[in-house]
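Q: Here's the letter readout for the chains.
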Amino acid sequence: MNLYDIVFYFFAFVTLASAGVVVFSRNIIYSAFALLFTFFGVAGIYVLLNADFIAVSQILIYVGGILVLMLFGVMLTNKVIDVEMKTGTLQTLPASVLVALIAGALCGIFYVTDWKIVRGVSAPATTTNSLGEMFMTTYSLPFEVASIVLLVALLGAAMIARKDRLPQIKNQK
Amino acid sequence: MLETYIPIGIMIFFGVTFGVVMSKASEWFGPKNPTETKLSTYESGMEPVRSAHERVSVKYYMVAMLFIIFDIEVVFLYPWAVNFRQLGTFGLVEMVIFIAILMLGYLYLWKKGALRWD
Amino acid sequence: MSGIPLNYFVFLSAILFTIGVVGVLTRRNAIIVFMCIELMLNSVNLSLVAFSAFHGNTRGQILVFFVMAVAAAEAAVGLAIIIALFRNKQTVNIDEINIMKW
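Chains as they are written, first to last, in our numbering: chain G, 1 to 173; chain W, 1001 to 1118; chain E, 2001 to 2102.
Next up, chain G with everything else stripped away, as it sits in the complex (with noise of 0.2 Å):
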């Protein structure tokens, strides 16, 4: 057991208990600061590989941004005072025979794979310098259809959330 060990065990822990918490809790907003946890320790496990950058990045997109959107939608959606969700397991049987099933093949086919590694090569020190160079030069065409993704994401999600559609024909009237 050296460092490197102990640091992973933690993080691998931190992340797999606080998923079991998002599934199996009751309450909602548990779930919610659970999911916090969870991408803690994949950020944690991202440091551990070498990924400074995705790391930080984790952090600022899924816990800055995705959690609070989560946090957000749970709190435009609960009815007044009672923040606890009936949960109910539906379809126990079917749900556990698929789990299993895919748990099953993924773990199989991870065993069995001879995964092609590169011995002695480590990822560069830091990351985000080829990272910049990939994105403008290899990458150029994904990373601005990225920015029409969000651009539709943008519009799609404040036209969908809006109380009135028709701001301008209402207005008219």
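Simulated from the structure, these hints should not be mistaken for laboratory data.
Where is the CB? At the ideal position from N, CA and C, for every residue including glycine.
Take the hints with a grain of salt, since some may be wrong.
Computed Cβ-Cβ distance ranges for the label pairs, DEER-style [to be verified]:
no., chain 1, residue 1, chain 2, residue 2, range
1, W, 1005, E, 2007, 18 to 26 Å
2, W, 1034, G, 4, 44 to 52 Å
3, W, 1088, G, 126, 16 to 24 Å
4, G, 29, W, 1023, 14 to 22 Å
5, W, 1038, G, 126, 52 to 60 Å
6, G, 126, E, 2096, 48 to 56 Å
7, W, 1050, E, 2003, 52 to 60 Å
8, G, 95, E, 2007, 22 to 30 Å
Distance condition first, Cα-Cα at most 25 Å in a straight line; then the derived SDA-like pairs of lysine to any residue [claimed, not checked]:
no., chain 1, residue 1, chain 2, residue 2
9, G, 116, E, 2044
10, W, 1059, E, 2070
11, G, 116, G, 97
Given chain G, put chains W and E in place with the hints provided.
A: Coordinates of chains W and E only, in the frame set by chain G:
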């Protein structure tokens, strides 16, 4: 490699410790003699009328949604800014297109009145 | 990274994905289903970063960025749909949202 993260670890440790110790210490050591007036929500203000567990307005969701979209934009900006000199004009043009596409949506929403608060 | 084999990261990602699948299949609250989808996206990102680190290049990490951008877009639109549904039907229980069911 992991040693470079020691300052961050120390900062997280002190941040958590400071928060927990300060709030718990004031809870344990502070004198407590509550009266009914002190326990009310606003001690010298008006009486609370309704429950605080109320649905928030969808306007707040709009702000959070705008934040997340531009959050992503900032994250994409960062690796470009780190090697700005090396990428030169081509990188600049590309980034201007990226930002212009998102700004188009922002201006559209603004003009449509989606950002009006009242 | 030094010392821990690739399999450990991949299995961690598989378990995280499975937990997400459990949530999607068993929970009824639409927002929790949403959180579980985020869990699954995170597990995929985790395996991408692990492969990228063990191959010694950063290509996998580029893909992670696009996954994050799509996840954010998905969260924005999905929660807007949930809010619109809640406004019309006063519920986020996915059993009761069945107007498009045949």
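Q: Determine for every hint whether it applies to the structure shown.
A: Hint check:
Between residue 1005 of chain W and residue 2007 of chain E the CB atoms are about 24 Å apart, so this pair conforms to the stated range of 18 to 26 Å. Between residue 1034 of chain W and residue 4 of chain G the C-beta distance comes to about 51 Å, which sits within the given range of 44 to 52 Å. For the pair residue 1088 of chain W and residue 126 of chain G, the beta carbons lie near 21 Å from each other, so the given range of 16 to 24 Å is met. At roughly 20 Å, the beta-carbon separation of residue 29 of chain G and residue 1023 of chain W lies within the given 14 to 22 Å, and the hint holds.
Here the CB-CB span from residue 1038 of chain W to residue 126 of chain G is close to 54 Å, well matched to the stated 52 to 60 Å. In this structure, residue 126 of chain G and residue 2096 of chain E meet the distance hint of 48 to 56 Å, their C-beta atoms being roughly 50 Å apart. The hinted window of 52 to 60 Å between residue 1050 of chain W and residue 2003 of chain E holds, with their beta carbons roughly 58 Å apart. At roughly 27 Å, the beta-carbon separation of residue 95 of chain G and residue 2007 of chain E lies within the given 22 to 30 Å, and the hint holds.
Distance restraint check for residue 116 of chain G and residue 2044 of chain E: the Cα-Cα separation of roughly 18 Å lies within the 25 Å cut-off, and the hinted pair is therefore satisfied. The hinted pair formed by residue 1059 of chain W and residue 2070 of chain E meets the criterion: a straight-line CA distance of about 23 Å does not exceed 25 Å. Restraint check: the Cα-Cα separation between residue 116 of chain G and residue 97 of chain G comes to about 32 Å, which exceeds 25 Å; the hinted pair is violated.
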